[in-house]
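S.K.: Okay, here's what each chain looks like letter by letter:
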Amino acid sequence: MERPRHQGMAKNTCMRWRLPLVCLLWEVAMIVLFGVFVRFGAEADAHWEEEKREMNLTSDIENDFYFRYPSFQDVHVMIFVGFGFLMTFLKRYGFGAVGFNFLLAAFGIQWALLMQGWFHSFKDGKILIGVENLINADFCVGSVCIAFGAILGKTSPIQLLVMTLFQVTLFSVNEYILLNLLHVKDAGGSMTIHTFGAYFGLTVTRVLYRPNLEQSKDKQGSVYHSDLFAMIGTLYLWMYWPSFNSAISDHGDAQHRSAINTYCSLAACVLTTMAFSSMLQKKGKLDMVHIQNATLAGGVAVGTSAEMMLTPYGSLIVGSISGIVSTVGYVYFTPFLESRLHIQDTCGIHNLHAMPGLIGGIVGAITAATATEDVYGKEGFIKAFDFTGAYQTRTPSIQGGFQAAGIVVSLLMAFVGGAIVGGILKLPIWGDAAAENCFEDEVYWEVPEDEESDAYHMHNPDKPASP
Amino acid sequence: MERPRHQGMAKNTCMRWRLPLVCLLWEVAMIVLFGVFVRFGAEADAHWEEEKREMNLTSDIENDFYFRYPSFQDVHVMIFVGFGFLMTFLKRYGFGAVGFNFLLAAFGIQWALLMQGWFHSFKDGKILIGVENLINADFCVGSVCIAFGAILGKTSPIQLLVMTLFQVTLFSVNEYILLNLLHVKDAGGSMTIHTFGAYFGLTVTRVLYRPNLEQSKDKQGSVYHSDLFAMIGTLYLWMYWPSFNSAISDHGDAQHRSAINTYCSLAACVLTTMAFSSMLQKKGKLDMVHIQNATLAGGVAVGTSAEMMLTPYGSLIVGSISGIVSTVGYVYFTPFLESRLHIQDTCGIHNLHAMPGLIGGIVGAITAATATEDVYGKEGFIKAFDFTGAYQTRTPSIQGGFQAAGIVVSLLMAFVGGAIVGGILKLPIWGDAAAENCFEDEVYWEVPEDEESDAYHMHNPDKPASP
Amino acid sequence: MERPRHQGMAKNTCMRWRLPLVCLLWEVAMIVLFGVFVRFGAEADAHWEEEKREMNLTSDIENDFYFRYPSFQDVHVMIFVGFGFLMTFLKRYGFGAVGFNFLLAAFGIQWALLMQGWFHSFKDGKILIGVENLINADFCVGSVCIAFGAILGKTSPIQLLVMTLFQVTLFSVNEYILLNLLHVKDAGGSMTIHTFGAYFGLTVTRVLYRPNLEQSKDKQGSVYHSDLFAMIGTLYLWMYWPSFNSAISDHGDAQHRSAINTYCSLAACVLTTMAFSSMLQKKGKLDMVHIQNATLAGGVAVGTSAEMMLTPYGSLIVGSISGIVSTVGYVYFTPFLESRLHIQDTCGIHNLHAMPGLIGGIVGAITAATATEDVYGKEGFIKAFDFTGAYQTRTPSIQGGFQAAGIVVSLLMAFVGGAIVGGILKLPIWGDAAAENCFEDEVYWEVPEDEESDAYHMHNPDKPASP
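Residue numbers (the working numbering), protein chains in the order written: chain A, 313 to 779; chain B, 313 to 779; chain C, 313 to 779.
For reference, chain A alone in the conformation it holds in the complex (with noise of 0.2 Å):
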């Protein structure tokens, strides 16, 4: 990898048996995993007439696809839609950023639904699915789209798909650590997605350092167009994080509560972001960078406290600050990440994932470890912390505790794991390419000849001025 130029040039990054092989094989070991253990759960089998008798149900608007399709449609978009497009972003790079996010989720999600499965959904040997599991799976799979961020643009899609298989196994045993054994609530991911995402994919990138990637500088860029193409995938994300906190929060108040605090930080943040972006900049101009990516801040960092008592105030409050911590983070912390840590992250997570997640593990620390019973009511309370059974003796200040150790159980996860497969990744026999041509289509891809420049804008010699 840190070859020079003309070595370089003659890495083989032809995927033509590699990628077809790893596809096929995991297609066909999926089916027979899947014929062996996934089935629908009670709410989605042809049996729902009579479980419907022994719940007590009286209509079918009581199937939980009715408390969760909307919210799981809206978590889809921003998968694939929302990361997808957030990537476009690079010049010569949008066909990979659309493209090997939709193969590595594609992919990802399927292995999530046997992951989470084992640990979440197993019963009689065999695994039941429902509405609730595709969220789940789809948000383990959001993980992965968050370390692709700091890969973007250098690794191959076999590599790609090696570190999803990877990641997602850790994903779930990690969340498994988190929700089961430390009994730890984290409904939107602040911990579990975003923190162990992001830093397990910074540690990816560390270790796939690549030292003459400024021979690629040249296509580490925007363009005008390419900027809009991005800001499709912001705002999607923007728009739909409130059902991404919500999702598989409990029926009723959680969910809407959820709902409420998510959609007050995250039009917080949108203020700082514009707010610093402008006045970090020598002639206060707004920076896309920043808008793209800092505005979002403010979902990640109520992930967890979203479904408490956090308050529409505390969340303006939770969201301004994550807006200006991931702003400063771009104008800063990159370049110092960059040329110190040698960490080069293609898309700036840090700045969006990994501060913000640990912003979100810190608040929904403090939040559980501050409730009261006369806040959350006294059933309310319960509910709110599911201090039932083993757990009916926690008291809020111990659950803050046991919060607080998710974020340290979460970063080692990501590190340890992340140096692993970062090392796993590093093996010349996955096909990425030279480092002259990272962030290129090119490589991976037939990109059309861009005959629009014959036919529409002819030769150009002078570059446009600048007003």
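Hints are not guaranteed to be accurate.
It does not matter which identical chain is used: a pair holds within one copy or between any two.
To be verified - Below are the DSSO-like pairs computed for lysine-lysine, each with C-alpha atoms no more than 30 Å apart in a straight line:
1. K531 to K435
2. K364 to K435
3. K695 to K435
4. K695 to K364
5. K597 to K529
6. K529 to K738
7. K438 to K690
8. K695 to K594
9. K690 to K435
10. K595 to K529
11. K531 to K595
None of these hints come from the bench; they were simulated from the model.
We have chain A; now place chains B and C onto it with these hints.
M.R.: Quick look at chains B and C alone, frame taken from chain A:
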């Protein structure tokens, strides 16, 4: 249509009086027919309070609106953004793709509300409509959008409206035969929407064969950004397909199950598409044409069976196969169809809708034929296949036979209907463009002078010749 | 503002301290006010279990969240993607269109939650919010997005924020007068959102008249791809408008009916828009400006009456007329307004919102005035118009009169408010650009150097070496 270039130049493509006349007369007819026939169904009528009492419903949430409206909106997005943007891949036909799709769909849904209303929602001389009718109208128009894919860039807007008028009519007749006479299940429309729509469109494009189409070959490709616009369409179709296949299924488990099966099938389809796209190219590079289209075949291929107990692994199998078939189709069949059978299929609907639609019909027949009371439960079995009233003695294997008959009927309707409508569209009065002006927005649209090219890309001495 | 070019060049458009100051001060104010006033409503509060018992609700699905959240998300998309992308049609103002719309909407929804909360959700010194408040905040901001359309490209972000602050305030007062004092029905906001927002914006742009605007004439058009981006906005507005008009209607039949009426009206509107767009051009070609805008007039024009028993054919009539009026407006009125009345209306909101909004108010008044118990049913009649308590003696014809009064009040508020706010925005302290720099993103945004032109247009002798 087969005239040499200099005659072609003389073709009158001016829409000034023809298009307004058709649109306005049509709209007046719609107003009159709606005035005579269309009223609100009980759940949308202000008498709903009384209805609720009669039906013993305790809550407004039992209104069908809340069971289906989120799915309706997703389907709506698929028809207008999904199909519209999927077809923007051509470098100079983006306005036509999105705009004509918009026109024909808006035109078609009105006629579909009437046609389907007469067949299915007619009571005491009135068509009573609700949200399910809106979904069905969108579905019906979906089959026209599919057929549009075959003739994209080669027809005038009036031809599209004429085709829509006839195709919606034939669709409704075919649907009536299948659903009411043959008592066939086809909630996601593998037969009624995809098989019928695609073979209809392919027959029409065969009749409209243009031997000189290579004169506009330079415009039949994509450019970098047009491929990204097309991915917007692809992703929205892909993400919302679970809503498409579940939108009109029975309340409860059937909707839930349809969404899960479709989700699984589509995920598998992405992997096999990527595998074969890479495998079938000499250099192993991925082809955006496949990613944009073949990844969707999995949704088509479970259209009939998604609401049945296909099971998640069954869905993976169907999705995997359809991705392979579709991708192979783009590489081998499309050129064959064009050179040997004179079928010029602009978007490759044969690969995306026709073959996967047939697969969907066959899988549906098999799934129905192999259904057992054991798998569905006694009640579930009757409910899933609606084996009540006149059909209470029908067995699964007989149902399977009828399902297969549904495929044959759909094909016959498509071939015969397509041949007749194609003949009508061949009349020299509709204002279609000459071969050398195909795939070119300038013919029917005010296209902005590409001043971007002046300001940013320099002089462009030859403006595109106005047609 | 009316200075000659060389002076204009000297205008200080630097936002470095002004924009951050406004944003940050504002956000601090919001946090304080939210802290003092805003709390969760009963359905989003953790005390919901107790509330459920008190209200005798048997299921969480009765939470208003499930009645309105899908519609809320659709409305959210309309505000941020719909309005944002609709305005990207300008060749060099895409960042400003999407970005400033994002800024002002995020800014405005916070203030709207407070303003509307004080008027409508104030209880025991607290504003209690739920999903309906989020929808109403989006609606309120929608009227600002409309006004933004008139001044697009000619104002600084600070001017937009100042305008938002005042317009949200006035909107809330006007809405209070209409809904509470006049007891007017306006669920889809023909009067409160469209008529008020559009005439407000037109008055502001009149006050801000720029006589030298032709200096930036070359940037006031579109390019090919910017028109496609704008179609994303158009289609999302068009598709989700049924959700917009039904989002805050009564549960059950009213929401259902609103969606159907809006669907019908919009479908008809597309046809008459296409007809007149073609008819009014010499060569009969379709104009993207009309397709992008006038197709939406049908949604505006049934805003007031959609939840009433307008009937599907009534909706077709209203939609047809509004499409014609709007298209004719673009061809004849917009140039007239600019040359004679000095109203420079960048997006043509007079045609898309002002006139159709008036039509909507009038149609609403007529539909209310002609309502009968026969058509609505005894209960339905009272429920539809809320003829209870102090209003139980109101007759339909009186209601029609009040509806008409609502139009007049909205117009007065718009003219007076717009004149005052326009005057404030004319102060030379807000950093707006000189006439020759209007419609140009470079003024307020870091714009990427269009290296694409170097690398791929220009002469491109070395194709990227295939790896």
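S.K.: Each hint needs a verdict: does it hold in this structure or not?
M.R.: Hints, one by one, checked against the model:
1. Within a single copy, K531 and K435 get their C-alpha atoms no closer than 51 Å, and across copies no closer than 57 Å, so neither meets the 30 Å cut-off.
2. Within a single copy, K364 and K435 get their C-alpha atoms as close as 19 Å, which meets the 30 Å cut-off; across copies the closest is 32 Å, which misses it.
3. Taking the shortest alpha-carbon separations for K695 and K435, both the intra-copy value of 24 Å and the inter-copy value of 26 Å come in at or below 30 Å.
4. For the identical chains of this complex, K695 and K364 are neighbours both inside a copy (23 Å) and across copies (14 Å), given an alpha-carbon limit of 30 Å.
5. In the homo-oligomer, the alpha carbons of K597 and K529 lie at most 30 Å apart both inside one protomer (23 Å) and across protomers (24 Å), since each shortest distance falls under that limit.
6. In this assembly of identical chains, the alpha carbons of K529 and K738 lie at most 30 Å apart only when taken from the same copy (22 Å versus 44 Å across copies).
7. In this assembly of identical chains, the alpha carbons of K438 and K690 lie at most 30 Å apart only when taken from different copies (22 Å versus 36 Å within one copy).
8. Taking CA atoms no more than 30 Å apart as the test, K695 paired with K594 passes in neither setting, with 51 Å inside one copy and 59 Å between copies.
9. In this assembly of identical chains, K690 and K435 lie within 30 Å of each other by CA distance solely across copies; the values are 23 Å between and 32 Å within a copy.
10. Taking identical chains as interchangeable, the C-alpha atoms of K595 and K529 lie at most 30 Å apart whether they share a chain (24 Å) or sit on different chains (26 Å).
11. In this homomeric assembly, K531 and K595 come within 30 Å of each other (Cα to Cα) both inside a single copy, at 25 Å, and across copies, at 23 Å.
Checked against the numbered hints given earlier, the structure breaks hints 1, 8 and satisfies all the rest.
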